[in-house]
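Asks: Residue numbers (the UniProt record's numbering), protein chains in the order written: chain A, 1 to 338; chain G, 1 to 306; chain R, 1 to 300.
Heads up, some of the hints might be wrong.
[What the hints assert, rightly or not] Quick partial rundown of chain A residues pointing at chain G, CB under 10 Å, derived from the structure:
hint	residue
1	Tyr17
2	Glu86
3	Arg90
4	Gly94
5	Ile97
6	Leu124
7	Ala173
8	Glu179
[Said to hold, decoys possible] Computed list of chain R residues with no C-beta within reach of chain G, every gap over 10 Å:
hint	residue
9	Tyr48
10	Leu58
11	Gln67
12	Phe114
13	Tyr126
14	Pro213
15	Leu281
16	Asn284
No wet-lab data here; the hints were simulated from the structure.
Backbone N, C-alpha and C define an ideal beta-carbon position, used for all residues, glycine too.
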Amino acid sequence: MNEKNKPILEVKGLKTYFTTKRGVSKAVDGIDFTLHKGETLGIVGESGCGKSITSLSILRLIPSPPGKIAGGSILFKGNDLVTMSENEMRKVRGNEISMIFQEPMTSLNPVIPVGEQIAEALRLHQKMGRREAWAKSVEMLKLVGIPSPEKRAKQEPFQLSGGMRQRVMIAMALACTPEVLIADEPTTALDVTIQAQILALIKDLQTKIGMGVIMITHDLGVVAETCDKVAVMYAGNIVEHATTEQIFANPKHPYTQGLLASLPKIYEDQEELRTIEGSVPSSYNMPAGCRFASRCPYQEAICTAQQPELVEQSDGSKVRCWKYTEQWTGQVEQEEVV
Amino acid sequence: MLMFIIRRLVQTVPVIIGVTFVVFFIMQLVPGDPAVLLAGEGASKDTIEAIREQLGLNRPLYVQYFDYLMNLANGDFGVSLKNSQPVLDEILVRLPITLELALFSILITIVLGMGAGIISAVKPYSMQDVGVMLVALIGISLPSFWFGLMLMYFFSVKLQILPVAGWDSLLHVILPALTLGAGGAAIVARMTRSSMLDVIRQDYIRTARAKGLRERLIIYKHALRNALIPVITVVGLQFGALLGGTVLVESIFAINGLGRMIVDAIRMRDLPMVQGGVLFASLIFVIVNLFVDVFYRFFNKRIELN
Amino acid sequence: MSLEVKTEQPIVVPQSIIQPKESRLRDFLSIMMVNKAAMVGAIIILFYIFIAIFAPILAPYDPYEIQLENKLMPPSFEHWMGTDDKGRDILSRILYGSRLSMGVGFAAVAFGAFFGIIFGLVAGYYGKWVDSIIMRIMDVMLAFPGILLALAIISALGPSLINVTIAVGAFSVPLFARIVRGSTLEVKRLEYIDAIRSLGANDFTIIFKHIFPNILSPIIVQGTLRLATAILSAAGLSFLGLGAQPPSPEWGTMLSNGRDFLFSAPYIALFPGMAISILVLGFNIFGDGLRDAFDPRMKK
């Protein structure tokens, strides 16, 4: 486990809402987590659960309007990013906290050489000169395993493959040796072999630099490979927060259980993937009770009446589910959940 | 890239031939017998027949067309019916003036249009955006010939700071170029704005923000370069509208360019002159379009593959 | 004169408009209610149409009546827009002129749309060499810059308002053909067209009963924006003396006349130009609004 020193990133009660013609969408609705130096936190959930919005909120990159951080705080080394001035915030972005986006094909500027795209952050944050920044960006490209980096640095994104572009994104994110790296689905767009290489690369650089990593993904396989602890998100809330071992060995929230059950198992001859039935409630119109209730096999009266809190369990994990509270009656017959 | 240029060049040939065919064909629509017209009233049958023979008008149309093409290839655009001078000579005298006007106008179109478009896009839905776009909408609705007259009235008659008409100094260029360039500027402004707004939503702009770059740098370095690529095509097409517009503007400001030459020739029923002028302007437009296409392709290749 | 280009991007039929006829009309009305800009444009256009219809009732004077004793009078209570060099009432002339200037615009666009739609449908539906030939011809027509094709046609046919209509209409043909072809290709791909064909419908039925109704919205948008350009072009040609001839109260002709008195009586040129500008603005606003409403991709 990680040393129990002060966390570098502490998210408390973060709420990010979008105001549109249809009403207010509560994309992220009060989430808490912490990240320590050298630690990797996985944020898992289906698309639309708010995990990407969470990551964008940390860097204050939510398009506004319509988006807005409606409450909570994001403490980075003790300073609240939510209330920070735009000027100060810019010094954090790409310097102390940086981000890798999920679409390597579209996240690089198509008309600027990739070397320049890396170098401009160095010139800005590290106050490097043109020549020095360029040399450093070539070095970064080499570090992320791009062959003949001097040549590649001068090329534009269209001349690089998808895997290489993602490596460029990583080089760009790590150029200023950030303390926190947010990786938003860094490997979804890539094929499996390159996926493994990229994850290994991030892991490797993490140990070298000693940064904290937030790994945003819908892929539990990626979580198992890279994360120390996991926050499972559902409809804008964290429903379960535990160590990676706990999540896989003893998932508590019915949603987590469902997610694990939907993983393809190599030794089982499955016809099709198990999926969780039902659909996520609209973020514009959240139910009063537990947001997972409508899809939950254990649903009781209290589930639809009142929303459960995220409660710490005896093993240190946290779950947002009535099943693990004293109010739970257990009268409804339980179905077998695989 | 080279292949593209070659293919595009090859595609241009039938278009040019098509243009010559249309121009040739339109002249066949002229009511009445050109030989009779040429011979003048009261000419004898023999005279008319002689003229017909002399001009080859008694041969089948396709032979005449082929002849016409051959002559064009040799730089022979025909002879003016009014002063019997070669049409090409007259065109070459007028052309530099029109090109000069077109160049200044397109400059106004680009600078004014892109500038206004950027001002709008930087703060979408703000007062400055709504204001600029309203002006642009009015700009595309104004008849250039009226706009030109009003500019002339205001600057030349009322304020008396600019010359009324003519083409003698740089001061003479201002009003005609503004008249001709304004409509295009409005279109380019609208295009630039929508292109900028489109680009600002792209992932790579978010990446630039995540790097901590200043908004100014994001807009001018990361967004503008991409946004201007589709605008290039519009500017190119605008050049065609502009060439057409010279007809009106040159008439208003009494500029002896190609456009006015065509209008005067139509009034005097000097068909070879009209034919030559329209053909020449069209060839210029086709060539400009060719350049724009190659230019666009060159810039766009990087984006298409994304 | 310089907006020939505006609708270069093909406007493609969105899936959502493939639906029965009654609801299409209702959609159209609801679009009008929601899209305020389109509404403003529609009101301007309707106002002009009203003027054109009731010109004889609305006009205070005979637009042709020459009263030399009243010539070159600035705007006053008797003559709201003043009088021209022959003492004719400018307001009355503008009111009557709306019939000519709008009439030419509508006729030219109808002419262009008719041939353009047929060419576009045939090219898009049959594809292959038919498509190639038609579209290459359209390319050639588009290779003429601005109104120069119209000028060439007029030079051959002679100056008159009818010839201006033909010339301006001819210039619209390739623009309609391009858009109709693109939309036809889109609709042709839909499964239900295949289903109808397998039921034994002939090409004519498929094209006019099933494809054409589904590509109406891009045609309407294009038509509206073309009207703006056509009115401008026709007025421009008349301004050059190649269209309507004096003493016709066509706006371009009036402007041309007013140009000779720019120093002494600028209002002669001022009002016809304003009449054109506001009408064209109406069509542009209306067309923009329609495009936003019909084409979800163009929306913010």
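Asks: Of the numbered hints stated previously, which ones are contradicted by the structure, given in increasing order?
Replies: Of the numbered hints, 1, 8, 15, 16 do not hold.
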